Amino acid sequence: MAQPKNQNLIVERWDYRLTFAKEGRARYISHLDLMRTMQRAIKRAKVPIWYTQGFNPHAYLMFPLALPLGTDSEIETLDIALTEDWEFDRLVEQLNGSMPEGLYFISAARPVRSHKDIAAARYDIELSFNRPAGEMLGLFESFVSGETIEIEKRVKPKKGRKPGVKLVDIKPLMTLNSYELRGEKLYIDITLPAGVESNINTGVVIDAFCAFAKAEFETIYTKRTKILCKDGENFT
Amino acid sequence: MEELKRKIEPLLLKTQKPARYIGGELGSVIKDKSKVDVRFAFCFPDVYDVGMSHLGMKILYGLKNARENWWCERVFMPEKDFEKQMRDNDIPLYALESLDPIKDFDFIGFTLQYELSYTNVLEMLDLAGLPVLSKDRTDLTPIVIGGGPCVCNPEPVADFFDLFVLGEGEELNIELLELYERMKPHNPTKQEFLREAAKIEGVYVPSFYDVDYNDDGTVKSITPNCDTAPAKIRKRVIKDFDKVYYPDSFVVPFTSIVHDRAVVEVLRGCIRGCRFCQAGFIYRPFREKGIDTIEKQTKALCEQTGYEQVSLSSLSTSDYTEIEKLLATLADYTDKENVNLSLPSLRIDSFSEELLERIASVRKSGLTFAPEAGTQRLRDVINKNITEEEIMHTCRMAFAAGYGTVKLYFMLGLPDETDEDVLGIPELAHKIVDLYYETPRELRAATIQVSLSTATFVPKPFTPFEFEPQATPEEIDLKQKLIIDNIRSKKVKFSYHQQPVSKLEAVLARGDRRVCKAVYEAWKKGCTLDSWDEHFRPELWDEAFAECGIDRSFYANRRREYDEVMPWSHLDYLVSREFFIRENKKAHQALTTRNCCEGCSGCGISKEYGGLYCKGV
Ligand code: SF4
Chain A
700 MAQPKNQNLI
710 VERWDYRLTF
720 AKEGRARYIS
730 HLDLMRTMQR
740 AIKRAKVPIW
750 YTQGFNPHAY
760 LMFPLALPLG
770 TDSEIETLDI
780 ALTEDWEFDR
790 LVEQLNGSMP
800 EGLYFISAAR
810 PVRSHKDIAA
820 ARYDIELSFN
830 RPAGEMLGLF
840 ESFVSGETIE
850 IEKRVKPKKG
860 RKPGVKLVDI
870 KPLMTLNSYE
880 LRGEKLYIDI
890 TLPAGVESNI
900 NTGVVIDAFC
910 AFAKAEFETI
920 YTKRTKILCK
930 DGENFT
Chain B
-5 MEELKRKIEP
5 LLLKTQKPAR
15 YIGGELGSVI
25 KDKSKVDVRF
35 AFCFPDVYDV
45 GMSHLGMKIL
55 YGLKNARENW
65 WCERVFMPEK
75 DFEKQMRDND
85 IPLYALESLD
95 PIKDFDFIGF
105 TLQYELSYTN
115 VLEMLDLAGL
125 PVLSKDRTDL
135 TPIVIGGGPC
145 VCNPEPVADF
155 FDLFVLGEGE
165 ELNIELLELY
175 ERMKPHNPTK
185 QEFLREAAKI
195 EGVYVPSFYD
205 VDYNDDGTVK
215 SITPNCDTAP
225 AKIRKRVIKD
235 FDKVYYPDSF
245 VVPFTSIVHD
255 RAVVEVLRGC
265 IRGCRFCQAG
275 FIYRPFREKG
285 IDTIEKQTKA
295 LCEQTGYEQV
305 SLSSLSTSDY
315 TEIEKLLATL
325 ADYTDKENVN
335 LSLPSLRIDS
345 FSEELLERIA
355 SVRKSGLTFA
365 PEAGTQRLRD
375 VINKNITEEE
385 IMHTCRMAFA
395 AGYGTVKLYF
405 MLGLPDETDE
415 DVLGIPELAH
425 KIVDLYYETP
435 RELRAATIQV
445 SLSTATFVPK
455 PFTPFEFEPQ
465 ATPEEIDLKQ
475 KLIIDNIRSK
485 KVKFSYHQQP
495 VSKLEAVLAR
505 GDRRVCKAVY
515 EAWKKGCTLD
525 SWDEHFRPEL
535 WDEAFAECGI
545 DRSFYANRRR
555 EYDEVMPWSH
565 LDYLVSREFF
575 IRENKKAHQA
585 LTTRNCCEGC
595 SGCGISKEYG
605 GLYCKGV
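Just so you know, the protein sequences line up as chains A and B, in that order. Take the first sequence: its position 230, counting from 1, is numbered 929 in the numbering used here, and each next residue is one higher. Take the second sequence: its position 23, counting from 1, is numbered 17 in the numbering used here, and each next residue is one higher.
Some hints here could point you the wrong way.
[Claimed, not checked] Covered stretches of chain A (in silico footprint by chain B; criterion: 3 or more residues with CB under 8 Å from a CB of chain B, positions within the stretch not fixed):
id	region
1	734 to 741
2	793 to 804
[Said to hold, decoys possible] Okay, derived cross-link-like pairs now, BS3-like style, lysine-lysine, Cα gap no bigger than 30 Å in a straight line:
id	chain 1	residue 1	chain 2	residue 2
3	B	Lys511	B	Lys226
4	A	Lys925	B	Lys8
5	A	Lys745	B	Lys74
6	B	Lys8	A	Lys870
7	B	Lys11	B	Lys(-1)
8	B	Lys11	A	Lys884
9	B	Lys29	B	Lys178
10	B	Lys(-1)	A	Lys884
11	A	Lys745	B	Lys25
12	B	Lys226	B	Lys290
13	B	Lys(-1)	B	Lys29
14	B	Lys25	B	Lys293
15	B	Lys579	B	Lys214
16	B	Lys518	B	Lys78
17	B	Lys519	B	Lys97
18	A	Lys852	B	Lys74
19	A	Lys884	B	Lys8
20	B	Lys74	B	Lys1
21	B	Lys74	A	Lys913
22	B	Lys8	A	Lys865
23	B	Lys1	B	Lys25
24	B	Lys1	A	Lys913
25	B	Lys293	A	Lys922
26	A	Lys922	B	Lys29
27	B	Lys511	B	Lys78
28	A	Lys922	B	Lys8
[Said to hold, decoys possible] One-sided excerpt, in silico: chain A residues whose CB lies under 7 Å from chain B:
id	residue
29	Arg724
30	Tyr727
31	Ile728
32	Gln752
33	Ala914
Derived from the structure by calculation, the hints contain no laboratory data. The model shown is predicted, which means the values in this text are computed figures rather than measured ones. Note that beta-carbon positions come from the ideal geometry of N, C-alpha and C, so glycine has one too.
Please work from the sequences and hints to get the whole structure.
What follows is the structure in structure tokens.
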């Protein structure tokens, strides 16, 4: 009988929470692909990564919160574990030695909060439309001042049924921090639910607004600026 | 770059797997345009997921980028959704590194790996904003070139290319680009450049040759019409294979691709001489790298890429002379680094169990055999050196070790195939099922499944079967039915390849220049991505051939005489016509030919090409 490959390995581990940026071309890496990309980056960097035990050992990596495709960020987090106790700076420097364009680590620390504490995330959104910006600002005002803001949310199918959509009112769930016109662009600063309990992407809000305004955006630039816990504290 | 990037980005959010269209992967080479003298767009005429898995591209990409003032970039065929976005938004085909339009490059190079990618070449040229016909591209640049296995008969696409490069590309690419770099400052015309290029061994400029036809439609002669063009163009071979350039870095994709791992090429050529197999002849002679070289290249690549899997690439890795020692050496490294070592083309019967244990891929992937034909007689006809005894022996061992799935691959429509040979296919499957039930219950897996898969035989140039007619779709239908009717066990599963594709492949593989017109018309009608079942449109190809007045049976289903001038007669792939005729005759007598390791059979290759077993001068 075959033995687990690393059954004699040390199980001692040191946990790290890394903060990283994802921007530029790297913004189009999907969440699933990001996992693989990071695994390889860590392998290349030769940091003493801790492997899970068993028949199919794999490097331990955990993303507390996924970043939607197409969104920039400088505050993303990745949890890893090492088999040695490394200085934070050394770890960051070593990892950054061979990263693809637009993906880099900013800092490392011991994890403090649990990923279950994450409740919300804040975003900057910059939009241009196929209609004059002044007009769009007015439309956005009426969009957000309505009684409700309904979006379509996919619901998990019950056994034997087709997946359906249901209408959800996100007005009570979101916080609109500010919005304004800058030149021909509409800027929105918004906080939306994020984490294990409920998660709303900026995309659905923008889609709902476009449907409401009967307009299409021409360019869109989204950046996540904060990841927040239930108590309002920053996650890192 | 910036301008195109701004146009591309909003579209990416509306596109499937957008990471395929924006570049930026680790290992992709970015250079300062102002310091670059030669720009090369390496085009793989299929989607990213397929093209990025291709080893030849990785080699030639690294090779050219090793020159400071050359910049080689990658280009793939977009999927239909993104292609539509590109056309709707006036985005020309661009290269993934610079995001610059490829029509401004010096070279556009296509690798032709399979015939069904031909319409993609036209689509990509058109997306780039270029005329698809070589004669309509009158400027010096971009120079559109083609390489890869299909250029051993490039005639069905000859009208679209400025030149072809025959054989192995490591030296030839350098020579061609150096020539261009020397000539460029003098602003030569395209004709002037092509005239000089034709002097390089392995360069074939199709417009420098006139093709005449006989009354019966066969080729009468192929003659050069330019004094610098040789009467016969000989393919290039790397003589010292151990020393040949090999990249120490790969572009590591973000999205999953077909073969997402480090790959090290261990040998080139094949000793076996299966008579249906084009690769077995056009890559001759057999040459291998030393263990030290392979070990060094494995380590370098694993370290640069961070891949957790490395595979050894060749036509038949078990033919490596010191295979046990090689695998043991590599396994020492890969075990330590938590890297999986996989061997796609391995005959597992020849190994100790201990070694098999160490090689993950063999454990996981189950048992796969390619007997190709259902009876020993027909296997002798095709010179496929695998016996029923060997298959049974390996299955017996494997069943006792708990394996429960066996896959068997066959071809239908082989020369001299009889009903008895076809019936041999389900029969072999039944014997394997029986063998499973003979295995003690406490050892064997809970259940057994034997999967049979058949593909229609496509006769290819530069094989002993280049003279053979392809079986008609009707004949293949009957053969498939015969198999279905004779499967007696629920444990046997049968899957087969669709018909129109195989006939098209046969026409494109052995066609002449007149077929170019049909390729053009089919593309005009909307045929692209023909190798994808969901995109293949046989009815449009039917129309295209009909409109061009081309009878496909002439190319696919006709027996060719030994003295017929083949459309590829002016190309020299080193293996002699006499050898192919000899092998064809032996095939019809069901006589086998020993492999190169057992003794040289004098296929016509001189030993100066570095073949390990070659004896000829
Ligand atoms: S010359 Fe002989 S050994 Fe060399 S490839 Fe041909 S048959 Fe094989």
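Hints versus structure:
| no. | hint | result |
| --- | --- | --- |
| 1 | 734 to 741 | holds (count 6) |
| 2 | 793 to 804 | holds (count 5) |
| 3 | B/Lys511 / B/Lys226 | 25 Å, holds |
| 4 | A/Lys925 / B/Lys8 | 26 Å, holds |
| 5 | A/Lys745 / B/Lys74 | 40 Å, violated |
| 6 | B/Lys8 / A/Lys870 | 26 Å, holds |
| 7 | B/Lys11 / B/Lys(-1) | 17 Å, holds |
| 8 | B/Lys11 / A/Lys884 | 28 Å, holds |
| 9 | B/Lys29 / B/Lys178 | 15 Å, holds |
| 10 | B/Lys(-1) / A/Lys884 | 19 Å, holds |
| 11 | A/Lys745 / B/Lys25 | 27 Å, holds |
| 12 | B/Lys226 / B/Lys290 | 39 Å, violated |
| 13 | B/Lys(-1) / B/Lys29 | 22 Å, holds |
| 14 | B/Lys25 / B/Lys293 | 26 Å, holds |
| 15 | B/Lys579 / B/Lys214 | 24 Å, holds |
| 16 | B/Lys518 / B/Lys78 | 16 Å, holds |
| 17 | B/Lys519 / B/Lys97 | 24 Å, holds |
| 18 | A/Lys852 / B/Lys74 | 28 Å, holds |
| 19 | A/Lys884 / B/Lys8 | 21 Å, holds |
| 20 | B/Lys74 / B/Lys1 | 18 Å, holds |
| 21 | B/Lys74 / A/Lys913 | 27 Å, holds |
| 22 | B/Lys8 / A/Lys865 | 23 Å, holds |
| 23 | B/Lys1 / B/Lys25 | 22 Å, holds |
| 24 | B/Lys1 / A/Lys913 | 22 Å, holds |
| 25 | B/Lys293 / A/Lys922 | 39 Å, violated |
| 26 | A/Lys922 / B/Lys29 | 35 Å, violated |
| 27 | B/Lys511 / B/Lys78 | 25 Å, holds |
| 28 | A/Lys922 / B/Lys8 | 18 Å, holds |
| 29 | Arg724 | 3 Å, holds |
| 30 | Tyr727 | 4 Å, holds |
| 31 | Ile728 | 5 Å, holds |
| 32 | Gln752 | 13 Å, violated |
| 33 | Ala914 | 14 Å, violated |
Figure legend: structure checked against the earlier numbered hints; hints not met, in rising order: 5, 12, 25, 26, 32, 33.
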